[in-house]
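Asks: Can you make the complete structure from the sequences, with help from the hints?
There are 2 protein chains.
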Amino acid sequence: MSQALRQFLFSPQSVAIVGQSDDVSKTAGRPLKYLRQAGFGGRIYPINSRRKEVLGERAYASLAALPEVPEHVYIVAPTEAAIEAVAECGRLGVKVATVLADGFAEAGPEGEAREARLKDICAATHLRIIGPSSLGIVDLRSKAMLTANAAFDEPDLPVGRILAASHSGSMIGALLSRGKARGIGFAGLVSVGNEVDLSLGEICEATLDDPGIDGYMLFLETLRHADALRRFAHAAAAANKPVLAYKLGRSEEARELAVSHTGALAGEDDVADAFLADCGIARVDTLDGLIEGLPLLKRVPRRTPGGRKPSIGVVTTTAGGATMVVDPLASRGVAVAMPTPETLARIRSATGIAVKPARLIDLTVAGAQYKIMKAALDVLTTAPEFDLIVAVVGSSARFLPERAVKPIIDCTGAEKLIAAYLVPEALQALAALSTAGVPNFRTPEACADAIAAALRRRAPRATASVKKHVAPSPARLFDELEAYTLLDRLGIARAPATAIDIGVTRAPALPFPYPVAVKALAADIPHKTEAGGVELNVQDDDALIAAIARIASNVGSRVKRVLVQPMQTALGEVLVGYRVDRDVGPLVMLAAGGVLAEIYRDRSLRLAPVDLATAQEMIADVRGLTALAGFRNRPAGDLDALARTVVALSQLASAEEPVAEAEINPLMVRPKGEGVIAVDALVRLS
Amino acid sequence: MSQALRQFLFSPQSVAIVGQSDDVSKTAGRPLKYLRQAGFGGRIYPINSRRKEVLGERAYASLAALPEVPEHVYIVAPTEAAIEAVAECGRLGVKVATVLADGFAEAGPEGEAREARLKDICAATHLRIIGPSSLGIVDLRSKAMLTANAAFDEPDLPVGRILAASHSGSMIGALLSRGKARGIGFAGLVSVGNEVDLSLGEICEATLDDPGIDGYMLFLETLRHADALRRFAHAAAAANKPVLAYKLGRSEEARELAVSHTGALAGEDDVADAFLADCGIARVDTLDGLIEGLPLLKRVPRRTPGGRKPSIGVVTTTAGGATMVVDPLASRGVAVAMPTPETLARIRSATGIAVKPARLIDLTVAGAQYKIMKAALDVLTTAPEFDLIVAVVGSSARFLPERAVKPIIDCTGAEKLIAAYLVPEALQALAALSTAGVPNFRTPEACADAIAAALRRRAPRATASVKKHVAPSPARLFDELEAYTLLDRLGIARAPATAIDIGVTRAPALPFPYPVAVKALAADIPHKTEAGGVELNVQDDDALIAAIARIASNVGSRVKRVLVQPMQTALGEVLVGYRVDRDVGPLVMLAAGGVLAEIYRDRSLRLAPVDLATAQEMIADVRGLTALAGFRNRPAGDLDALARTVVALSQLASAEEPVAEAEINPLMVRPKGEGVIAVDALVRLS
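Going line by line, the protein sequences match chains A and B. If you're matching positions, the first sequence starts at 27 in the working numbering and goes up one per residue. If you're matching positions, the second sequence starts at 27 in the working numbering and goes up one per residue.
Accuracy of the hints is not assured; some may be wrong.
As the list makes no split between identical chains, a pair holds if one copy fits it or if it spans any two.
Said to hold, decoys possible - 30 Å max Cα-Cα, derived BS3-like pairs, lysine-lysine:
hint : residue 1 : residue 2
1    : LYS145    : LYS382
2    : LYS432    : LYS206
3    : LYS586    : LYS698
4    : LYS59     : LYS432
5    : LYS206    : LYS586
6    : LYS335    : LYS586
7    : LYS586    : LYS52
8    : LYS432    : LYS698
9    : LYS400    : LYS52
10   : LYS432    : LYS400
11   : LYS400    : LYS324
12   : LYS442    : LYS432
13   : LYS397    : LYS59
14   : LYS400    : LYS382
15   : LYS397    : LYS52
16   : LYS586    : LYS169
17   : LYS397    : LYS382
18   : LYS382    : LYS324
19   : LYS52     : LYS382
20   : LYS400    : LYS59
21   : LYS432    : LYS324
For the record, the hints were derived by calculation from the structure and aren't laboratory data.
Replies: Structure below.
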């Protein structure tokens, strides 16, 4: 089906435009104009119920009136008429309908009902739908310009080998035009709209066996159909076709906007980070990084788990310009490496310059000279300590690219990849680099952004298919004792605990010594401390009875029991959590403990389950855990036991219990070798 | 002098080029070529001791051989010859010499000796020097092209009203060429090099009465001559000429590079932040933000202390595109404001669109239409809740700018300023916006960067002239008791303390009850805890004697006394510090206490002294202090007392003691109304 679907989507034999206007200044006037302008070779049927002719061509009254059933129908009619047209497409046996109209999920309950109608039509027929709210789908090779985006009124469409897919309709115009200005071409572009039927992932996946496409540029607003995106990403990795994504929603403000704009609920941003990383999709933070990053991604190998951190060398004819790249690289956690003494000696001998032992191979002193730049690059691209070379060229790049830009081009095919940033405006030199296949960047920020994204990228993780997502409600909460039973089954150490009925007048014999902690035991008061349901450091029987009485009076009569546990001491506290996300499925989370960690939002997330190496990475991700890793001669905590606990909790992803959420808070971390121990836990079933 | 200096720098009557080459492919061949190419109107004297003619013009053998003493000499000869030429300039009475050669401070002790020679020449004569390591100084109006930067080989030099000044020589070429591509012109550009004599600040200050300059673009690598920069910034603010700066060194890696590159020691980045903010200089993080930001800065009023946070409204024809700006704005702490119900009603009525109540005024549903965009902008630019409007235009901007770009232009002169980001590549529309004076941006990141920088900017703070900077050594440390004396004088509450000789066998009567803390008392063990010199919670006389003995045995015989203090309880701990920075002078610092705050590097810095409002801002800056501000119903700390303490410690900046550094760590913060109390202090005199 995929190949047939691809053909109906991107190179249909026949297309119809429902609602095609006679007025090219209107949005609905554009598709026919674009199709003719580009020279689409298939059959085109404009449909306009009120006119016999549009833009000088015969207009048909309806889809039913056409001499054939078109393969792909672009519906640019208003909402209600569009739904009618979709229904007709279904009846007639049209393969694909792309729907421009809005007024669906983003428009409240009424719109949701309209979406449901579209879904019903798909379910009842063989019709596949792109949209609604789709600005269209375009193939620059077949010239199937099924779009109403104003930026496609291009005299010279930039044909290339990239497929761009976007939740935002405007962005396909931005990518096309900005790409064109950089000599970057596209095989096709698609605005996926509300994804009522075909999702972004499914559309991309349908193109994977297209030999004319060798990379993907994604503009994401939501992870609505994460499963399809993941399937596509895995297949793309297997086909060695890189996928680069920009995703809106770093900020809460932006996520709030996504809700009102697309009707999609936006998840937290680090969930998106974890998901995309898990799929092996590289994520950039800048628009230019998205547009310029694919050539780099094509050649930077994926990082392997446990492999050494990739190492970058920087060579330049302008130290100030190069530092502009080093700064944003560092802020993204990518450090530039020092050349080894051997490499330094080789550079000195090859260039004749007394290059200083610094992270920057600074050739400024020589001015920009071909021989010197080439000699330095020849050494760097064969230096074993570097995985990637960044070449930063100063003012000579503008009018004298033969000096320091040509040597970069002449190193194409070298052992190590070179990426280039040119400090002045130097369009010709950039174009020459692009032609030669050298990844190049217009701004230091995009350069750093794309490099960091490429270096972070891994192979997609081979996970069992994602656990069926659970609805957030109705929920059932475990009480703490039930929660401990779950931890016991997972093999997670927890404090001994015994339950005592509220109202006892004599303390029973405890299976552990004082001091103890006493906590209200009930499923429905997860915030026990705030409710006055916790007493710590209780020292003896009398104090125990008094503590139980205070708790009873604080929490009210619905609580019947308290839980008693021996007090634990440890070096520090952490929070380990598990939950099933609506979009991406099971997640495991590790956070530093305490109020400061909460304020700093210092946590690490991964798709669950995770292995030990991944759990160790998570520990390294959480900055606050530095305090438990021997920071400033402090005693080190048992981080190995912590890693094992993260792994164990993450196994809930494949456990039978339908657990929606589990949280150990705190998990006490003892000194190295002494383990970790859970002293509170919360579990919610779905 | 300033006006005369300005003339000698930027529009000399006569110039000489020492070391001018006959070969235009060489760096030293460029200045004469550029001067002739641009049509410099003054007298030009090429000097080349080995040729009678260069580039077809008569060459002179030496400066002494010229028919007049030139006002400005650009010395492009190699290092030693350059020093000789400088000496000759001094002897002859040349006004300004600009020196290209390197091999000075960045080249170690030998280079420093060379710099000293240049300084001696300046001191002994009336000569002023730019450089060394200066790629030159250029005035695009007088056509004084005293530069060897390869990017100045421009057929059409973009003349404008901006002065660009840079520590990096390459950057003047980057700013010129990148500016030109955006229709941004310059009055002049200067590469200040090592600033052995004329500093960047002094050069800029000399141009302040130039009516042809109305804004400054600074590319900074160091704050070497902070005083001059501050003087300039104050005068620029008084003259209402905005100053926008990009400063390298956000990362430690970049600061390390600055050391090896320019020989300047780079300070910490938040010191630079504090200094620039204090001077009223706006700082951007992106290169495009620097190039595109000035038109915005010209019109955004400076924030007033205690004034409300400026409020931004965003209107768009593409929600996805607009969110690309909202995201980086939010990550820079700038939130987009909701329109009030009144404004929303006015927009709905004016546009006829049922705009949703969201932070984004989303006109997508209407397509791009002049009337609708204009109507929305008319409402927004008169809405009282907004200080700045951001208009984001989608694909129509490329070929149909009359739809949604022209309305922005037609609002020039409106009550509120509009800044524009165009989502597709749309050079013509951008040029039209620039011509109309509308701040416009090519990337969402630069747009957000410049807006955040402009909104943060304040009036320069009227401080007494900066305290003479103290050398970091020789230092004298106070012991803790002496340090308390200083706190007492500053009016900072501290724990009572009494000193006891080590070796006592009976505990003396204490002026406060047990439990107490016992600490080794000596100036030279500031890290008492690590040295085993602290015992806490000592409960009685016997324990006190035992604690003293343990401390004595840990810290050795050089320590003669211990300090005893009553134990303090509090809600939390902070660190308050003061130090005199080599570059910018006295600083006051506030940080959250404890190991996590150290790991997160959570602190706020200001130039000292500060007033109460500034101290309160500092408290708001430190994220960890949220924990003491009533976070999640926790008891609130006495943040007013904390603010007063910050103010008090910052007064060291104007105190008589030559204090180089003072640190209260920890300062215990008690519940609201109960004050704060210092329980340890460290003071270092200069």
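Asks: Now look at each hint and say whether the structure bears it out.
Replies: Hint check:
1. Only between protomers do LYS145 and LYS382 lie at most 30 Å apart by alpha-carbon distance; the minimum there is 26 Å, versus 66 Å within a single protomer.
2. Proximity of LYS432 to LYS206 under the C-alpha cut-off of 30 Å is found in both arrangements, the shortest distances being 23 Å within a copy and 24 Å between copies.
3. Within a single copy, LYS586 and LYS698 get their C-alpha atoms no closer than 39 Å, and across copies no closer than 37 Å, so neither meets the 30 Å cut-off.
4. Taking identical chains as interchangeable, the C-alpha atoms of LYS59 and LYS432 lie at most 30 Å apart only when they sit on different chains, with a minimum of 24 Å there against 42 Å within one chain.
5. For the homomeric pair LYS206 and LYS586, neither the shortest alpha-carbon distance inside one copy (70 Å) nor that between copies (77 Å) is at most 30 Å.
6. For the identical chains of this complex, LYS335 and LYS586 are neighbours neither inside a copy (54 Å) nor across copies (51 Å), given an alpha-carbon limit of 30 Å.
7. Taking the closest pair of Cα atoms, LYS586 and LYS52 never come within 30 Å of each other, the shortest separation being 70 Å inside a single copy and 90 Å across copies.
8. Taking CA atoms no more than 30 Å apart as the test, LYS432 paired with LYS698 passes in neither setting, with 55 Å inside one copy and 67 Å between copies.
9. In this assembly of identical chains, the alpha carbons of LYS400 and LYS52 lie at most 30 Å apart only when taken from different copies (18 Å versus 54 Å within one copy).
10. For the identical chains of this complex, LYS432 and LYS400 are intra-copy neighbours only, at 8 Å inside a copy versus 49 Å across copies, given an alpha-carbon limit of 30 Å.
11. For the identical chains of this complex, LYS400 and LYS324 are intra-copy neighbours only, at 24 Å inside a copy versus 44 Å across copies, given an alpha-carbon limit of 30 Å.
12. With identical chains, the CA atoms of LYS442 and LYS432 are at most 30 Å apart within one copy only, with a shortest distance of 17 Å there and 48 Å across copies.
13. When the C-alpha separation of LYS397 and LYS59 is checked against a cutoff of 30 Å, the pair qualifies only between copies, where the shortest distance is 25 Å, while the shortest distance within a copy is 52 Å.
14. Taking the shortest Cα distances, LYS400 and LYS382 sit within 30 Å of each other inside one copy (18 Å), while across copies they are farther apart (58 Å).
15. Taking the shortest alpha-carbon separations for LYS397 and LYS52, only the inter-copy value of 14 Å comes in at or below 30 Å, while the best intra-copy value is 57 Å.
16. For the identical chains of this complex, LYS586 and LYS169 are neighbours neither inside a copy (73 Å) nor across copies (90 Å), given an alpha-carbon limit of 30 Å.
17. In the homo-oligomer, the alpha carbons of LYS397 and LYS382 lie at most 30 Å apart inside one protomer (19 Å), although the nearest pairing across protomers, at 61 Å, exceeds that limit.
18. For the homomeric pair LYS382 and LYS324, neither the shortest alpha-carbon distance inside one copy (33 Å) nor that between copies (42 Å) is at most 30 Å.
19. For the identical chains of this complex, LYS52 and LYS382 are inter-copy neighbours only, at 24 Å across copies versus 62 Å inside a copy, given an alpha-carbon limit of 30 Å.
20. Taking identical chains as interchangeable, the C-alpha atoms of LYS400 and LYS59 lie at most 30 Å apart only when they sit on different chains, with a minimum of 28 Å there against 50 Å within one chain.
21. Proximity of LYS432 to LYS324 under the C-alpha cut-off of 30 Å is restricted to the intra-copy arrangement: shortest distance 22 Å within a copy versus 41 Å between copies.
When the structure is compared with the earlier hints, violations turn up for hints 3, 5, 6, 7, 8, 16, 18 and for no others.
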